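Q: Going down the list, the protein sequences come from chains A and B. Note that the numbering used here has the first sequence beginning at 1, numbered continuously upward. Note that the numbering used here has the second sequence beginning at 229, numbered continuously upward.
Because the hints were derived from the structure by calculation, they are not lab data. Quick caveat: nothing in here was measured; it's all calculated off a predicted structure. Some hints here could point you the wrong way.
[To be verified] Selected chain B positions facing chain A (in silico; Cβ < 8 angstroms):
1. Phe240
2. Ala274
3. Gly321
4. Trp322
[As the list claims (entries may be wrong)] From the structure, some residues in chain B lie toward chain A, with a derived Cβ separation under 7 angstroms:
5. His254
6. Leu271
7. Glu277
8. Leu278
9. Arg279
10. Asp280
11. Ala283
12. Pro285
13. Leu295
14. Leu419
15. Asn420
Every residue gets a Cβ at the ideal spot worked out from N, C-alpha and C, and that includes glycine.
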Amino acid sequence: MGAMGLALPWKARISSAPRERGTRVEPSEHFGGGANPAAADATSEDAALAAACRSGDLRAYERLYAMHGAKMKNLARNVLGNSNDAEDAVQETFLKVQRSIASFRGQSSFVTWTYRILMNTCYDARRSRLRKKEITNDDSAETPRLEPRAPGAHPALRMALERALASLTRHQRDVFLLYEVEGFRHAEIAGMLEITEAASKNTLFQAKKNLRLMLEPPRPGRGAAEIR
Amino acid sequence: MNVTCSDRDRIFEDGTAAEWAALETHAATCAICAKELRAWKALSVAAEELRDYTADPAFWPRMERALAEQAARKAHRARLRRWFSFLPELSLGWQTTLAGAFAVILALSTGWVYLHRSPNGGSAGDPSLLKSKALKEVESAEIVYERAIDKLAAEAKPQLDNPATPLLANYHEKVLVLDSAIDDLRAQAGLNPSNAQLRHQLLAMYQEKQHTLEEVLEARQR
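Model the full assembly from the supplied sequences, consistent with the hints where possible.
A: Here it is, written out as structure tokens:
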């Protein structure tokens, strides 16, 4: 595993001061990571958005894009590894939503349903890429190709984290991205990935344990077998 | 609430707010838990590095176009479905079978017509076949009508050729004009036999000639 022996002094370089999201405890987080409006308002807005999209109003799709487009693209980029594939996945997601909005029955929230479509679209894109690379005999198919991004506060940390994430299982990576990066609640992640809420919590726990092992400086006597 | 080091992983996985607070309190006096807690939180802080919400202004217009195109295609398909809504709801397999059966019937019919066509049925050298049956009937009726008027004209000819009165002289002039107009119209109708307007005008001229000749004959009797 490439990132196993990475000795990154990351704890010394980033503040360990607890931030609001750092100690997220269910159900204190708000979906979307922004302001925390009343749940009822969010539900009615979600239903109104779904109804407007069902009626074919393109402005409703624009509103959906304004609310979630950047977050969807960021999520797709983290899953797929580059902006072009991410934009394609987001566009395909919107087209799929438009095609199948009539089949949306409201079992989950409209936005959760949209993100579920996005995740499935990303999986499809990854599978398609895998098939293409199998044809060309490229061994690095499953690992997302990471492209340079806008420099953040800790570019070395970001790169290390991206490499470490690529070494996680697909579910661990997705749950980590949805929870820690995009700020979704476990209930929402469960709806998006079609797993239970408890499974989402456990997967996040395993993901963070593995990331810790991969990002910490190597200690004598610890091997790859520790990573689950 | 009291927590111990053994509760740490459980709280990390699924702790309540109260349990997290208790773990923080415990970490103040436990170096190992303090280190684990810091590392755990630091992962969440590090995750922010993967957040890049910079917007691409060209992205939405592109996507809007794609959505509009798809909506237009969807509306077109819906219109087509309405056109064929009188058909029963059939599965794709049945639709394919029916389309295939229709193609076979069409091919067989075409073949049958081709094989059973009359050997003398060729119409290349016979322009009369270009005329419909109705047109032929009109033409034959015209010929009969024309002959009847010719007979009438033959009867009136002596009076018209040697008009005894100015009135008969006028009738003579009128018949000459009508004959000239009839000749013109017949020439045009010959070029365009299906022109109903020409045939209507020709009929009116014949009727006028008929009335004129009848008046000439009546004038003779008086």
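Q: Hint by hint, note whether the structure agrees.
A: These are the hints, each one checked on the structure:
| no. | hint | in the structure |
| --- | --- | --- |
| 1 | Phe240 | holds (6 angstroms) |
| 2 | Ala274 | holds (5 angstroms) |
| 3 | Gly321 | violated (22 angstroms) |
| 4 | Trp322 | violated (23 angstroms) |
| 5 | His254 | violated (14 angstroms) |
| 6 | Leu271 | holds (5 angstroms) |
| 7 | Glu277 | holds (4 angstroms) |
| 8 | Leu278 | holds (5 angstroms) |
| 9 | Arg279 | holds (6 angstroms) |
| 10 | Asp280 | holds (6 angstroms) |
| 11 | Ala283 | holds (6 angstroms) |
| 12 | Pro285 | violated (11 angstroms) |
| 13 | Leu295 | holds (6 angstroms) |
| 14 | Leu419 | violated (58 angstroms) |
| 15 | Asn420 | violated (54 angstroms) |
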